[in-house]
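Enquirer: Sequences listed follow chains P and D, in order.
The letter at position 181 of the first sequence is residue 181 when you use the numbering used here, and the numbering goes up by one with no holes.
The letter at position 268 of the second sequence is residue 1268 when you use the numbering used here, and the numbering goes up by one with no holes.
Do not take every clue at face value.
Derived list of chain D stretches under chain P, where covered just means 3 residues or more per stretch with a C-beta under 8 Å from a C-beta of chain P [as the list claims (entries may be wrong)]:
| id | segment |
| --- | --- |
| 1 | 1053 to 1066 |
| 2 | 1074 to 1088 |
| 3 | 1121 to 1127 |
| 4 | 1174 to 1181 |
| 5 | 1237 to 1246 |
Quick list of simulated restraints, FRET-style, between CB atoms [what the hints assert, rightly or not]:
| id | chain 1 | residue 1 | chain 2 | residue 2 | range |
| --- | --- | --- | --- | --- | --- |
| 6 | P | 148 | D | 1104 | 22 to 32 Å |
| 7 | P | 201 | D | 1104 | 39 to 49 Å |
| 8 | P | 91 | D | 1011 | 56 to 66 Å |
Honestly, the hints are just simulated from the structure, not real lab data.
Every residue, glycine too, gets a C-beta built ideally from N, C-alpha and C.
These are the residues of each chain, in order.
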Amino acid sequence: MSLLEVKKVSHSYGSSRSFWRPSNDAQVLSDVSLSIDQGTCMGLLGTSGAGKSTLGKVILGLEKPQQGEVIFQGQNLYKMDSKTRRGIRRDLQVVFQDSYSSVNPRLTAEKIIGEPLENYEKLSPAEQQRTVANLLEMVGLTAADMKKVPRQFSGGQLQRISIARAIALKPKMIVLDESVSSLDMVNQMNILNLLNELKSVYGLSYLFITHDIRAAYSVSDSLAVLEKGKIIEVCNDKNDIFTSQQPVVKNLVASILPEHPRNRTLSAGKSRA
Amino acid sequence: MEKQRNVLQMSGLNVTVKSQQGMVPLVQNLQLELKPGKILGLVGESGSGKTITSMAILQLLNQKAMRVEGSIQLHGRELIGLKEKEMRSIRGKDIGFIMQNPMNAFTPVYTIGSQFVETIRIHTGLTKKQAIALAVDSLEKMNLQEPAEIMNMYPFQLSGGMLQRVMIAISMCLRPSIVIADEPTTALDVATQLQVLRELDRLRTECGTAILLISHDLGVISELADEVAVMQKGRIVEQADVYRLFDYPQHDYTKKLLQARPVLPAHEELSKLVI
């Protein structure tokens, strides 16, 4: 049985409708179905405005879909009492794109990472401090960083803190919404390596939302492509993405930037090769 | 041999900032030159001084908090120490600037057209009618649909990719001899990214503009640059032809950067698969 199942989810955003005013809702998701197994990573690709982030929110339980259901560990996410939901919260975590706005600027790193622990685990202060120190080391920072506040960290470091916070409760699944897109390439690589390591050690599952095929390819097992609210391609083997016949997917693959100048597509520089 | 001369020549550039710990160096002993029609890529991780360098060229650094020393010559004319009024006539006319975030580069309360026409009329003696014609013409060249309508729109009505193309249109319509592109595609999605890079490529082939392309993405560099300078902690640690740099990196830091590229199946295989 898969860990997460999204069944025929449709959702739209729009203004309030009334009898004499036809609704002009924007359909963001239509009939989206996908499933993610324990210990695997699915990459969700798509251009801006395709509905990727909305699907992420629906999966996290933050945006109730108008139709369809989300099943996490065999339970419907939108039809459960608050007590069960509290338990599910623990197993389902999120890391957003903008690390600066997803942490409280007044708290120290220790408080930021300790917050989920305070809510779910009853640890003594000393124990909690040790756990936080361990988590910091796991993401490549040091225990000395505990007393720093967000503005003393770089974007890459702060993103690691967000990841440390997400893994603090040993969740089953993390939704990564463009989590590495704003980082430089060395930082990106470090975080992707860390994610891969956590996946193999703890059997974590990810939904990796991005527009960058290169990043998605390096962490995902399977790939799905979203276009105008519809899943237009699901590749259970990520290599299938390169042979897809869908024009949108072909266009995405064609815009991958070359790894080496000899493979460049532009005319002016190519003549020298 | 006037054409062979460098458009921009930087030598011994030092930028230091005053802080509580004394003078902190941001950029140290920088040598760079831009040649007409060539693209120089400047790579390095965040905080290595790439943007400071571009701001120093434009003389946009805070004079009170920072000290800029050395020499920056545009067509043999020294820019450092130039009066603000003279610098203003250079910015936008001789040196175009494309910023990372197109959303913040425009004033939200004026239409695209009025911001476009303002730039043109400050630097040239064109009438309003002529300026509008030139603006519409350059928007059209940027593959933007219905340029006349875009002129009447406000920045928030356009997508990020469209705005970035408008910004390139503004910076190239006066045919500057240099364009500084500071992370021009970082905020854009992959499909739009390629379009913007294509426009930059056209700019240098059609107008012979020298481009300083700042990016942390080696994909962008390998697609567009002719020569690459690698920056680390305010210094240039390696500078080479783009092919040489990718094949025979010398400095440890360059090797590390090259290793950080995400791995995809070999490109030759890939092109077989797609075709």
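Enquirer: None of the hints should be skipped; say for each whether it holds.
Expert: Verification of the supplied hints:
no.: 1; hint: 1053 to 1066; result: violated (count 0)
no.: 2; hint: 1074 to 1088; result: violated (count 0)
no.: 3; hint: 1121 to 1127; result: violated (count 0)
no.: 4; hint: 1174 to 1181; result: violated (count 0)
no.: 5; hint: 1237 to 1246; result: holds (count 3)
no.: 6; hint: P:148 with D:1104: 22 to 32 Å; result: holds, 28 Å
no.: 7; hint: P:201 with D:1104: 39 to 49 Å; result: holds, 41 Å
no.: 8; hint: P:91 with D:1011: 56 to 66 Å; result: holds, 59 Å
Hints 1, 2, 3 and 4 from the earlier list are contradicted by this structure; the remaining hints agree with it.
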